[in-house]
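From these two lone chains plus the hints, build me the complex, please.
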Amino acid sequence: MGLPGELKRRIQMLFHREQFRRDLEEEMRLHLDLRRQQQLDRGLSPVEAARAAHLKFGNTTRIKERSLMAWGSETLESFFSDIVYGARALFRSPALTVVALLSLALGIGANTAIFSLLDAVLLRSLPVKDPQQLVLLGRGNSSGIGDNFVSTELYSYPFYRQLQQKNAVFSGVAAIFSMTDDVHGFVLNNEGESNTDSQLMHVNLVSGTYFPMLGVRAQLGRTLNEADDSSEGDHPVVVLSHGFWKRSLASDPNVLNRKIKLGTTIFTIVGVAHREFFGTSVGESPDMWVPMSMTKSVPPGWDAYNKNFVQSMNVIGRLKPDVSLAQATTNVNLLLQQITRGFSDAVLSQKNLNKLSKTHVPLTPMANGLSSIRQEFSEPLQILMAVVALVLLIACANIANLLLARSTARARELAVRQALGARRSRLIRQLLTESLVLALAGGMLGIGFAVVANRFLLRMVSDGFETLPLDIGLNLRLLGFTFAVTVTTAILFGTIPAFRATRLHLTDSLKDGRGPGGARAKNPLAKVLVVSQVALSLVLMVGAGLFLRSLVNLNHIDPGFNRENVLRLQVETDVTGYKEDDPRLNALFQQIESRVSALPGVKAASFSSFTFHEGSWSDAIFVSGMPNNENIEVHQNVVGNGYFDTMQIPLIAGRTFSTADTATSQRVAVISEHIAKTLFPPGNPVGHHFGLGDNKPEHDFEVIGIVKDAKFDSLQENSENVNYLSYLQRPWNFGDFEVRYSGDFSNISASVQQAIKSINHNVRISHVTTLDDQVARTVTNQRLVAQLSTFFGLLAVFLSAIGIYGLMSYVVSRRTNEIGIRMALGAARSNVSWLVLREILLLVAIGIAIGIPVALAADRLVANMLVGFKGADPVSLTAAVVLLLLVTSAAGYFPAKRASMVDPMEALRYE
Amino acid sequence: MSRDEIPPGTLYLLILKTLAVRKKLHGYEIAEFIEQQSEDVLQVEEGSLYPALQRMLMKGWVVAEWGVTAGNRRARYYTLTADGKKQLALELSKFQRIMGAVTKVVQPA
Chain A
428 MGLPGELKRR
438 IQMLFHREQF
448 RRDLEEEMRL
458 HLDLRRQQQL
468 DRGLSPVEAA
478 RAAHLKFGNT
488 TRIKERSLMA
498 WGSETLESFF
508 SDIVYGARAL
518 FRSPALTVVA
528 LLSLALGIGA
538 NTAIFSLLDA
548 VLLRSLPVKD
558 PQQLVLLGRG
568 NSSGIGDNFV
578 STELYSYPFY
588 RQLQQKNAVF
598 SGVAAIFSMT
608 DDVHGFVLNN
618 EGESNTDSQL
628 MHVNLVSGTY
638 FPMLGVRAQL
648 GRTLNEADDS
658 SEGDHPVVVL
668 SHGFWKRSLA
678 SDPNVLNRKI
688 KLGTTIFTIV
698 GVAHREFFGT
708 SVGESPDMWV
718 PMSMTKSVPP
728 GWDAYNKNFV
738 QSMNVIGRLK
748 PDVSLAQATT
758 NVNLLLQQIT
768 RGFSDAVLSQ
778 KNLNKLSKTH
788 VPLTPMANGL
798 SSIRQEFSEP
808 LQILMAVVAL
818 VLLIACANIA
828 NLLLARSTAR
838 ARELAVRQAL
848 GARRSRLIRQ
858 LLTESLVLAL
868 AGGMLGIGFA
878 VVANRFLLRM
888 VSDGFETLPL
898 DIGLNLRLLG
908 FTFAVTVTTA
918 ILFGTIPAFR
928 ATRLHLTDSL
938 KDGRGPGGAR
948 AKNPLAKVLV
958 VSQVALSLVL
968 MVGAGLFLRS
978 LVNLNHIDPG
988 FNRENVLRLQ
998 VETDVTGYKE
1008 DDPRLNALFQ
1018 QIESRVSALP
1028 GVKAASFSSF
1038 TFHEGSWSDA
1048 IFVSGMPNNE
1058 NIEVHQNVVG
1068 NGYFDTMQIP
1078 LIAGRTFSTA
1088 DTATSQRVAV
1098 ISEHIAKTLF
1108 PPGNPVGHHF
1118 GLGDNKPEHD
1128 FEVIGIVKDA
1138 KFDSLQENSE
1148 NVNYLSYLQR
1158 PWNFGDFEVR
1168 YSGDFSNISA
1178 SVQQAIKSIN
1188 HNVRISHVTT
1198 LDDQVARTVT
1208 NQRLVAQLST
1218 FFGLLAVFLS
1228 AIGIYGLMSY
1238 VVSRRTNEIG
1248 IRMALGAARS
1258 NVSWLVLREI
1268 LLLVAIGIAI
1278 GIPVALAADR
1288 LVANMLVGFK
1298 GADPVSLTAA
1308 VVLLLLVTSA
1318 AGYFPAKRAS
1328 MVDPMEALRY
1338 E
Chain B
468 MSRDEIPPGT
478 LYLLILKTLA
488 VRKKLHGYEI
498 AEFIEQQSED
508 VLQVEEGSLY
518 PALQRMLMKG
528 WVVAEWGVTA
538 GNRRARYYTL
548 TADGKKQLAL
558 ELSKFQRIMG
568 AVTKVVQPA
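Residue numbers (our numbering), protein chains in the order written: chain A, 428 to 1338; chain B, 468 to 576.
Looking at chain B on its own, in the form it has when it is part of the complex (with noise of 0.2 Å):
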């Protein structure tokens, strides 16, 4: 099975919508998330959820808080908040824009 790296600036739009979705999660299942919704497909490099977290947290696009895993280990949980809520449909839209562009071009005439 081949894996392809995740095209260039939808990070944010594939964590927004992760925590849209499932609402509150720790770094790691956002990324398994991610991963399992893809069916595999997008491979991120996990440690770049870290960076582009904290971005979103500079953004106030997501709050996040320290709670306790199910095996009982400390984690940070993200949320999403209103600002984050906007920037998700931002996002999408542009998302859209763009792929309904390259399909216009890639398609058979």
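With the rest of the complex left out, here is chain A (with noise of 0.2 Å):
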């Protein structure tokens, strides 16, 4: 017998109602006429003909019933009425309605949110054809341009094309410029004008094969393809993003004719990708894609095309079909050593002979696609979504206290359906029903709340210039995830108070229900979920406690430099045209240099190729005498001469930059204490020489000073290698420009932007911000979860308290008949207070101690997220312990108060 049939007649049924309906009534009514015929074709006279079809057909209106019934749509027609008397019953008691909203939708807004940050950063697939066949040679977690002999990370431009060629496992490589140019770009109309003032574009760099080998298409006109990327520099051409067309081209339909020009070379827009296609990497999207063999035209013009040993590219591989990863690892890896020894420029050195006999790339499934970001969010991400999920479980347990304290105000009600022969099963699907249309309705707040709170956080994750270009919108898959939290909230919360509130002593509760024998039995649960919410808001409470005194911490750490008072910005000389060796762009730096520093308020100015957290260009140094270890990596930084007092970089030993110090002097560099005492010979290392990089003749340098230790990259990293140049004798294509000031912050601003415009106007300046505000957004992560953290184990607190005064006074108003009692036996008004009281502080304490193992558990779980202590941290845990018993008792204090104002004799007479 065909269940799925009998499934499938049901639904139609639901469909087809009112069709069904009439059918059946018109049925009934040719059968009561065809009787009545018969009647009166027998001799009866029109109305006993009636009443005797009648008779034997029964009663109409029950048997139709009875038919619909066959159908199961009673169900579904009792279903809408227990919707409706549901909320009637939510607005009859609204403060208890208005509570268990607000919980429910801050729970399960938090959720969404915090989910739909989840969701796009770690979970989403690229929006490409089968992403999950593609592979990332590497982990993907490196970005940049180096010059080694192999890397594991990034790889040369000519590799990837050996590799495209000779590799037997892909059907497809693609070619990715590891770095995104950021481009002061213009956008010129159809006479090849420009009317708009240049705009910030972020280009990508990537292989011809990059959109056929992802299965992107064009929105308009078409992608790239491998014949622009044939030869060097003939291909000036460009794909645009859907975003950036939207944005900056108002959706021109014949943006085909219109041309963009980067730096001094005019590319064609040749199409725009595919509407959901950002590119491939998560947090980055570019607005425009351009062939690789266009890199020297796109500034700053990196030389990679040709370079062999020149690493800067992310390559990726579509897997064959029948290909297993390990397959296509071992043959990657067999091409590595070949391609490598065969180049031929390759210095076949037994070191570096032995450094590629060493190497082994992995490969990483990148159907989620690169993530800058998804290292640095992902562990937060992860530790608040679990925070979240505590705070919607407390919210449940308080809800489902609310429900069960009014399930007994309702007990009389209950009893009399059950005692007029409503079935158990019956009420029990009404009470849940009742429950989810309040967890809808607070879902569908709580979607509400998710919208606004996302914006919020992905404000509070952004670097404060550019909003992160992360899609956090709704839809359908966080739409699903809430629905669902939705519906298991209604089952965590409703279940129990429903089946509690129907296995009823009918007759005792009939008889109103007042004997403290019921108080009685109703209770232990109630304190099990406050125990719990205790628990659980000291384990959050904690954790809150530990991430904010771990920021603390960080901001206390000392960087080496003087966060206070520095005015940085970024000039971008790209439009002069200059190149990097142009002594005219020297004579400009020096320029500025000069003129800034001679404003008032100004005490110095330089500019330098990073402050702090800015990438770096690291580089092995080669000091005579030493054992050389080209692994340790120092980072280089080309600074101007006021560079040190910008920064008020103490010097300890020799002397820093000087005007003495020019293209044609021996070459010199201030080392920090950190490389003097690890990679110099003992003694004193001024006047020392050591050489850089590939330790060529022309990289000899001179130590001239020694500065003090200053972080680099980040304020928890531990060795300190800074190797400070002159940028007048290694040039540089500047960025950073910072100044050292006394007074108002934006006075300062604005005189040394309009000091830089009145030296060259053509000259972009960007990115105008504070180095202190420069270090303080590194430790974004730490501070947003940090801030959420505390945010929820506050608001944990607060439903543990509501929780807490929910059952309290409910109880007390059970106990009142006993407290009269009591009093009327000469109890003081304080003791019938403290009996109240010690049953919450028992409460509390319990939970207390429960909470207390789970959040030391917790806390190794979060260890590596904290600085300056480990795991288990006293403070934190005594501040949340007596917070929480500040709280609670707070929340006792009311119900303790009100049952010693009970009148002994009005609680008397009351039975």
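Hints in this document: simulated from the structure, not taken from any laboratory.
Errors might be hidden in some of the hints.
Pair by pair, the computed Cβ-Cβ distance ranges are [said to hold, decoys possible]:
(1) B/Lys491 <-> A/Pro554: 20 to 28 Å
(2) A/Glu840 <-> B/Ala537: 18 to 26 Å
(3) B/Lys491 <-> A/Arg644: 53 to 61 Å
(4) B/Lys491 <-> A/Leu471: 25 to 33 Å
(5) B/Lys491 <-> A/Gly875: 56 to 64 Å
(6) A/Asp460 <-> B/Glu506: 24 to 32 Å
(7) A/Leu471 <-> B/Glu506: 20 to 28 Å
(8) B/Ala537 <-> A/Gly432: 28 to 36 Å
(9) B/Lys491 <-> A/Glu840: 51 to 59 Å
(10) A/Gly470 <-> B/Lys491: 45 to 53 Å
(11) B/Ala487 <-> A/Thr487: 24 to 32 Å
(12) B/Ala487 <-> A/Leu471: 53 to 61 Å
(13) B/Ala487 <-> A/Leu434: 22 to 30 Å
Residues of chain B placed beyond 12 Å of chain A at every Cβ, according to the derived structure [what the hints assert, rightly or not]:
(14) Leu480
(15) Ala487
(16) Ser505
(17) Val511
(18) Leu516
(19) Arg541
(20) Arg564
(21) Ile565
(22) Gly567
(23) Ala568
(24) Val573
Computed from a predicted model, the values in this text were never measured in an experiment.
Virtual Cβ for every residue (Gly too), placed ideally from N, Cα, C.
Quick look at the structure:
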């Protein structure tokens, strides 16, 4: 017998109810008519005939109902009436409903908001064809440009070409420049003129295979292809992202006639990429893609197209259908050896060969794309997800408690209904429906809350200049998640009260249900709920305490420079068209430095290639007479003469750069204390010489000074290997400009920008901020986790307080009688208060006792997020316990007070 | 002449059997057939046919289609399906088992 068939018929029935009713009525009418006719034929009067027919047929209304019931639509109808009834019941106790809805909205909303970020950063697949076939060479945690013999993360463009030809495991290979170039470019109109100011464009260089291999189509025009990437320098074409086309070109349908000017080169727009495609890196969506063949024309003009040993590309492959990851790994590693050795300019020294033979490239599935932010945010997001899940649990416990209390109040109603013959399952279904109505309403509010919270969250994790390009809008998957959470919530908080409320001793409840026995029976469950709320709140509070302390510790780390009172901005000189080694560029820099230094309120000013947390140029240094370890990377910072004054990095020995150090004098360097101690022979390193990178004669430097260690990349880093070079000796196409000032930031900022513009009107100034801000931004994560976990921790305590208040108010009202007797027998009011308070404190104490070991265990999970201390932190623990005790006692105070106000006469007369 | 209620649980059997014999009938005809065949002994509360028919439709034992009666009125005609025939066999053997048992109990030893 076909069960599926039966289900299908039932469902069809749902959609054709009216038709069904009409059919049934017609059928029954026919029956009655025929019967009446028969009776008439037998000679009965019309009235008698009709009566006989009806008598024989039975009650038509009831028969209709039973027929409908056969199709199970009764269940559905009662479901709707339950919803209406449930909504009415909720309106009847508005205070409870508001509290429940708010805590649900906050709980569900927070879960939705965090999940949407988690989804966008960690879970979602790239919007490309069969993303699960894509693999990345390496682990995907490196970007930049290097000149090593071999690297497992980044590859040279010629390597990609060779791999593409020789591999046997990929149906396609593509190379992506590992950084997006930020260029101030121009959108040109049909006449080739720009009628707008320049704008910041994020340009991604990719191989010609990129779009075809990913299977990404064009929304308009075409995407890039192999022909665009076939020879260097003569394919000035660009494909725009859908977002950029919409934003900056107002979705111009004639965009294919327009051009883009980057640096000094004019690019033809050949297409707009498909709407959903944002690139292959989550959290960076390029505005446009340019074939790698044009790399020299896109500022800053990386020269990497023909360099066998300049590694700057991420390489991705699409596995052939029947090839396993292991097979592909073997093939790629074999080719890595062959291709690297095979380059005509390979330096096959013993050292290099050793290094090569030890190199193993792992392949990483990249269905979810590359991401620089994934590593950074995955742990905080997971922690926050756990936190909000706990908050939701607490909210559930709270609502369960409130519903329990209310169902006691409704005991009589339910008892009456049961006595009148309602089945228990029917009542449970109705109570669950009410919970569902509550949860769904809360869920809808929660989605609204999540939409707002998301924007706020995204701003919190973004760098302050541009919002992270993450798609965290509402989507089907997210709504599915929220719906699942909502229904789970309803089941969690609704089930126990529903079963509890319908398990009645009918006669007791009908007898007003105020017997002391009835009260006892229902308390333990509510108490368990309160105890678990307290325990969970403690865990969250302790966690919040740890993250807060960790944040404070981070902010107290001495970076080695003075973060206060430094203005920093970026000066971009692409528009001047000067190359990096053009002497006019250095002259421009010097002019800017001296004019800005002379401004009132400015103490010092300097260019530098880096300040803090801006990536790095790292190279090994070779000190004569020391065993050279090329694995020790030293950050190289090219700076102006005023850099150390501007940053206030103290000089320990020797001198800093001066006007005497010029392009033609001996090349000099200032080293950090840590290098002096670890990489130089004992004694004073000033005067020592060392070689840089490839150790060629023209890269010989003399140490002229030692400065105190300063942090370079993050506050938490340990080794501060920094080597400073002068831009007068080692030209650099600068970005960073720092100004130490006193007085008002905005005044100084305006006058500095004015001064720069007065020297060269064309240079572009961007990213104006303070050094302090820049440093603070590197702890965004920690701040995010600390602030949110504190917020949720307090919310948890607040919810628990409501839970305790609710429970105790209920207990007091149940025990009015007992309290009355006690007072009549001479108990003092304070004794009565204590009686109630004692009960609360006992529950809280049990909750804390359970919570402490859980909190300690949870601490261990987050240990590597913490700075400045390890695991168990007595301060956070004590603070959490004290706060919890204070808040819960306050919550218990009012019911206790009310208990002491009981008038014995009133209480006794009551029953 | 006395009329008896039909034994509980046999309504399906009666309807199934009726349709097996007469192939295609509307509700009134089914009721008439049962009463006539039982020589007016079995009295169906005629209305109760309809919930039973609905349940049988849902289970897929019968199918219904609209047609026109001799008196030129629209009527819903029911016919047996393959599932319905199987069900008839099942109900029959169940009925015979029960009747056999009842007979054994009430027969004088």
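A quick look at each hint next to the structure:
1. Separated by about 58 Å at the C-beta atoms, lysine 491 of chain B and proline 554 of chain A break the suggested range of 20 to 28 Å.
2. A hinted range of 18 to 26 Å is violated for the C-beta pair glutamate 840 of chain A and alanine 537 of chain B, which are about 57 Å apart.
3. Distance hint check for lysine 491 of chain B and arginine 644 of chain A: the Cβ-Cβ separation is about 58 Å, which falls inside the suggested range of 53 to 61 Å.
4. At roughly 30 Å, the beta-carbon separation of lysine 491 of chain B and leucine 471 of chain A lies within the given 25 to 33 Å, and the hint holds.
5. Checked against the hint of 56 to 64 Å, the pair lysine 491 of chain B and glycine 875 of chain A passes, with Cβ atoms roughly 58 Å apart.
6. A hinted range of 24 to 32 Å for the beta carbons of aspartate 460 of chain A and glutamate 506 of chain B is consistent with their spacing of about 25 Å.
7. Distance hint check for leucine 471 of chain A and glutamate 506 of chain B: the Cβ-Cβ separation is about 22 Å, which falls inside the suggested range of 20 to 28 Å.
8. About 33 Å separates the C-beta atoms of alanine 537 of chain B and glycine 432 of chain A, a value consistent with the hinted range of 28 to 36 Å.
9. Separated by about 52 Å at the C-beta atoms, lysine 491 of chain B and glutamate 840 of chain A satisfy the suggested range of 51 to 59 Å.
10. Checked against the hint of 45 to 53 Å, the C-beta distance between glycine 470 of chain A and lysine 491 of chain B comes to roughly 31 Å, which is inconsistent with it.
11. Remark: the range hint 24 to 32 Å for alanine 487 of chain B to threonine 487 of chain A is upheld by a beta-carbon distance near 28 Å.
12. Taken as a hint, the range 53 to 61 Å is violated for the pair alanine 487 of chain B and leucine 471 of chain A, whose Cβ atoms sit roughly 34 Å apart.
13. Under the hint 22 to 30 Å, the C-beta atoms of alanine 487 of chain B and leucine 434 of chain A, about 27 Å apart, fit the expected range.
14. A cut-off of 12 Å between C-beta atoms confirms that leucine 480 of chain B is not in contact with chain A; the least separation is 17 Å.
15. The Cβ of alanine 487 of chain B lies farther than 12 Å from every Cβ of chain A, with a closest approach of about 18 Å, so its non-interface assignment holds.
16. Even its closest Cβ contact with chain A, about 15 Å, leaves serine 505 of chain B beyond 12 Å, as expected for a residue assigned away from the interface.
17. Chain A draws valine 511 of chain B into its interface by the beta-carbon criterion, the shortest separation being 9 Å against a cut-off of 12 Å.
18. Distance check for leucine 516 of chain B against chain A: the nearest CB is about 8 Å away, which does not clear 12 Å, and the non-interface claim fails.
19. The Cβ of arginine 541 of chain B does not lie farther than 12 Å from every Cβ of chain A; its closest approach is about 7 Å, which violates its non-interface assignment.
20. At the 12 Å boundary, the C-beta of arginine 564 of chain B stays outside the reach of chain A, the nearest C-beta of that chain being 20 Å off.
21. At roughly 22 Å from the closest C-beta of chain A, the C-beta of isoleucine 565 of chain B stays outside 12 Å, upholding its exclusion from the interface.
22. Once the 12 Å rule is applied to beta carbons, glycine 567 of chain B is consistent with being away from chain A; the minimum gap is 26 Å.
23. No beta-carbon of chain A comes within 12 Å of the beta-carbon of alanine 568 of chain B; the shortest separation is about 26 Å.
24. At roughly 31 Å from the closest C-beta of chain A, the C-beta of valine 573 of chain B stays outside 12 Å, upholding its exclusion from the interface.
In summary, the structure is inconsistent with hints 1, 2, 10, 12, 17, 18, 19 from the numbered list given earlier, while agreeing with the others.
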